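Required output: the full structure, derived from the provided sequences and hints.
Taken in order, these protein sequences are the chains called L and W. Quick note on my numbering: the first sequence kicks off at 34 and runs consecutively. Quick note on my numbering: the second sequence kicks off at 49 and runs consecutively.
Source of the hints: derived by calculation from the structure; they are not laboratory data. Since this is a predicted model, take the numbers as computed values, not measurements. Glycine included, every Cβ here is placed at the ideal spot set by N, Cα and C. Incorrect hints may appear among the rest.
[Unchecked claim] Here are the simulated lysine to any residue pairs, SDA-like style, with alpha carbons at most 25 Å apart:
| id | chain 1 | residue 1 | chain 2 | residue 2 |
| --- | --- | --- | --- | --- |
| 1 | W | Lys119 | W | Gly376 |
| 2 | W | Lys119 | W | Ser259 |
| 3 | W | Lys119 | L | Val117 |
| 4 | W | Lys149 | W | Ala176 |
| 5 | W | Lys149 | W | Ala264 |
| 6 | W | Lys149 | L | Val117 |
| 7 | W | Lys119 | W | Arg348 |
| 8 | W | Lys119 | W | Val164 |
| 9 | W | Lys119 | W | Tyr313 |
| 10 | W | Lys149 | L | Glu64 |
| 11 | W | Lys149 | L | Ile72 |
| 12 | W | Lys149 | W | Leu182 |
[As the list claims (entries may be wrong)] Across the chosen pairs, the derived CB separations fall in these ranges:
| id | chain 1 | residue 1 | chain 2 | residue 2 | range |
| --- | --- | --- | --- | --- | --- |
| 13 | L | Pro168 | W | Met387 | 23 to 33 Å |
| 14 | W | Met316 | L | Arg390 | 23 to 33 Å |
| 15 | L | Thr181 | W | Ala385 | 40 to 50 Å |
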Amino acid sequence: MKYIAAAAMLLASTSVFAATHTVEAGPDAQERLQEALIIAEPGDTVEIGAGRFELTDGLSLDVANVTVRGAGPDASILDFSNQVGSGEGLLVTSDDVVLRDFAVENTRGDGIKSKEADRIVYHNIRVEWTRGPHPDNGAYGIYPVESTHVLVDGSTVIGSSDAGIYVGQSQQIVVRNNNVHYNVAGIEIENSFYADVYDNVATHNTGGILVFDLPSIPQVGGHSVRVFRNFIHDNNTANFAHEGNIVATVPAGMGVMVMAHRNVEVFNNIMADHGSGNILLVAYPNDYDDERYNPYPLNVTIRDNLYGPAGYNPDFDGGAELQAALGGQLPPIIWDGQGSGIRVSDDIGVLSLGLTRLRQPFQEAQPAPADLSEGEGSAELQAVVLPDSMEAALR
Amino acid sequence: MIRALAAMAGWLALVSASPPAPVSDTAIMGDSLPRNLSEFHFFTDDIGHTPNDRVIGYELNTALFSDYALKNRFVYVPEGQTATYNADGVFEFPVGSALIKSFGYPADFRDADSPVRWLETRVLLRRADGWVALPYVWNEDGTDAVLRRAGRRIPVTWIDAQGEQQSLDYRVPNQNQCKTCHSSNDEIALIGPNARNLNDGQRLAQWVDWSILDRAPDDAPRVPVWDDEGDGTLDERARAYIDINCAHCHSRTGSASNSGLFLGYNEMDEVARGILKRPVAAGRGSGGRDYDIEPGHPERSIFVYRMRSRDPGVAMPELGRGMLHEEGIALIERYIAAMDERS
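Here you go:
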């Protein structure tokens, strides 16, 4: 009987049969690494050796339940400085994939993209554009999209010309313990449902953490995002995104920005040293043609945060005039005046711009202090719980 | 000596007179990945020019641009079976079918007799559990092509139609990249062989005659030839070009589903077609422009900016385009310029 149980356990554990495909740096790294990512079977590990892998084309993984593991984010480096093909460095299109302990540098487009890749885990990854902020850097560092259950943990992204960690059109998302520096947006949750963003450090970006909802894409109506226990400090890097992208509208010197989203909680964060503001709440600023779309921030709760200096160098239309009118400094929270159900229970100044309709010119703003302490706020949001297999992958 | 040679010639004649082995249904339908292209017996010669029985060459009205490569396309449907006609999408091919496409460059595009260097042959195999896409790379002497699942770059040079010397690190896609384009709802799917792109007035009926296709209705749709000014309207030609070059990813079930930009020939939603649509995740691909298509203004349209780039972080299509398609760009510029400006 015992034997049968033991045999059953052996069968149940894929690791007994799993293979490890080790790839070392050196000549033909492109083909050897790509070949390993193709021949891997579910349950296998692709081990990236220490060293610098000189790559000219994007890599991709389309096999479920594969772990891609390096020797550490400073040891195993996928170097795309001479990339001539593909829109990203690594593309994952299968479920239950774990990416950990390696770096992706200097891709021409996005760093690592995972699309329709459920239960994806990013752990201890570094994505970096090594020359620092530059408009010709790739858009997103870590880029999961159209996925259910996403974990981005303990990773670092530096230099993205759009968002360092960008989660789009997904649901059940955890982004935690990450370091994001010198990106336009440090972390951006866009058109997504149920996200917990916590214990991250966002410094020297244009904006620290963004929660956005945009029209005219398949999943609209972003809701239920919690941003908490983050250290969001000194995000004053001049915006270096290309015009046309929504993040090009983010004013430099911004801690947390919420655009056109529903049910957002911002709490227990430390936010300090932001020229424009520690928090900005706005409606979608552009025209659109999408009847499904809500352009307003609705039901946002801001509570129990610690605030440092902000609003001393506003980087938006009319900001300088406002600053002068208000005696040299704006309140740390700025709301464009649109949307409803916004509650700020922290004892801190809130400036409403008094805009009353979409795309209203700033010249028509009616700036005034606002008391939002009695606002309805967000519905109470539950912690996002990921499948055990994802947390286990970190161990 | 002479007699020996004569005997040998007679022996050769005998050997070549014996009928070639038929296409290997086992290789197509089995669960292994044949290492050499020759194992399929799609061709009766080495280099892949002479198709075997039931391997039929075909062309499309408007084809995907592949860095100016010449393409030879073949379809194989097993004896006793036919593909099923479909007015809108690609035809449904029976298990055991194969689509075969070879890519190569003539030394000189101005000379019709110029020798062609064939680089690769891609095959799509219809197996019981769906399509399988495999890239085969020809060896230097063109005697066989070998499976390269990880893809490859091959330096190639040619003289173009204007007499200019061109060179390119030609990209053979890896097996995953095959699927990136040939993907619908995460399954491998066909792109080209639909009624509108195959229909040249005769081909569909021929396919029925040859027992490749089950039927060919008289009212089958047809898209124009993109570079034939006498065929269709500018709008139709441009949309045919966009359909075959973009819509395999830019569809609701394709690899670019998240973009919201959907470029199928029959897409009705103007914003989805890019008209006054703002970028979502384009990054620096926006080129500082606000809309995918700004009617009347190709110079302000992201669409043209990305067609005009060779930078992999900007260029569209993302895969298989290392060259600019000047003639295609000109067509799309005219198409956008001809649209009425919106206020």
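Going straight from one Cα to the other, do W/Lys119 and W/Val164 come out at no more than 25 Å? Status holds; Cα separation ~11 Å.
### Message
Hinted pair, alpha-carbon criterion (25 Å max): W/Lys149, L/Glu64. Please report holds or violated.
### Response
holds (22 Å)
(Q) Hint check: W/Lys149 vs L/Ile72, CA-CA at most 25 Å. Holds or violated? (A) Given pair W/Lys149, L/Ile72 holds - Cα atoms ~24 Å apart, limit 25 Å.
Measure nothing beyond the straight line between the CA atoms of W/Lys119 and W/Tyr313; if it is 25 Å or shorter, mark the hint as holding. holds (23 Å)
Given the proposed pairing of W/Lys119 with W/Arg348, does the C-alpha separation stay at or below 25 Å? violated (33 Å)
Please work out if W/Lys149 and W/Leu182 have their alpha carbons no farther apart than 25 Å.
Distance ~11 Å between W/Lys149 and W/Leu182 Cα, so the pair holds.
Is the straight-line distance between the alpha-carbon of W/Lys149 and that of L/Val117 25 Å or less? holds (24 Å)
Item to complete: Confirm or reject the claim that L/Pro168 and W/Met387 have a C-beta distance inside 23 to 33 Å.
Response: Holds, since L/Pro168 and W/Met387 (Cβ atoms, about 29 Å apart) stay within the stated range.
Do the alpha carbons of W/Lys119 and W/Gly376 lie within 25 Å of each other, as the hint requires? holds (17 Å)
Compare the distance between the alpha carbons of W/Lys119 and W/Ser259 with 25 Å, and conclude whether the hinted pair is satisfied.
Answer holds: W/Lys119 to W/Ser259 is near 24 Å, not above 25 Å.
Agreement of W/Lys119 and L/Val117 with the hint, judged by alpha carbon distance not exceeding 25 Å: holds (23 Å)
* Asked: Cβ-Cβ distance between L/Thr181 and W/Ala385: within 40 to 50 Å?
  -> holds (43 Å)
Going through the hint list in order, the structure does not satisfy hint 7, though it satisfies all others.
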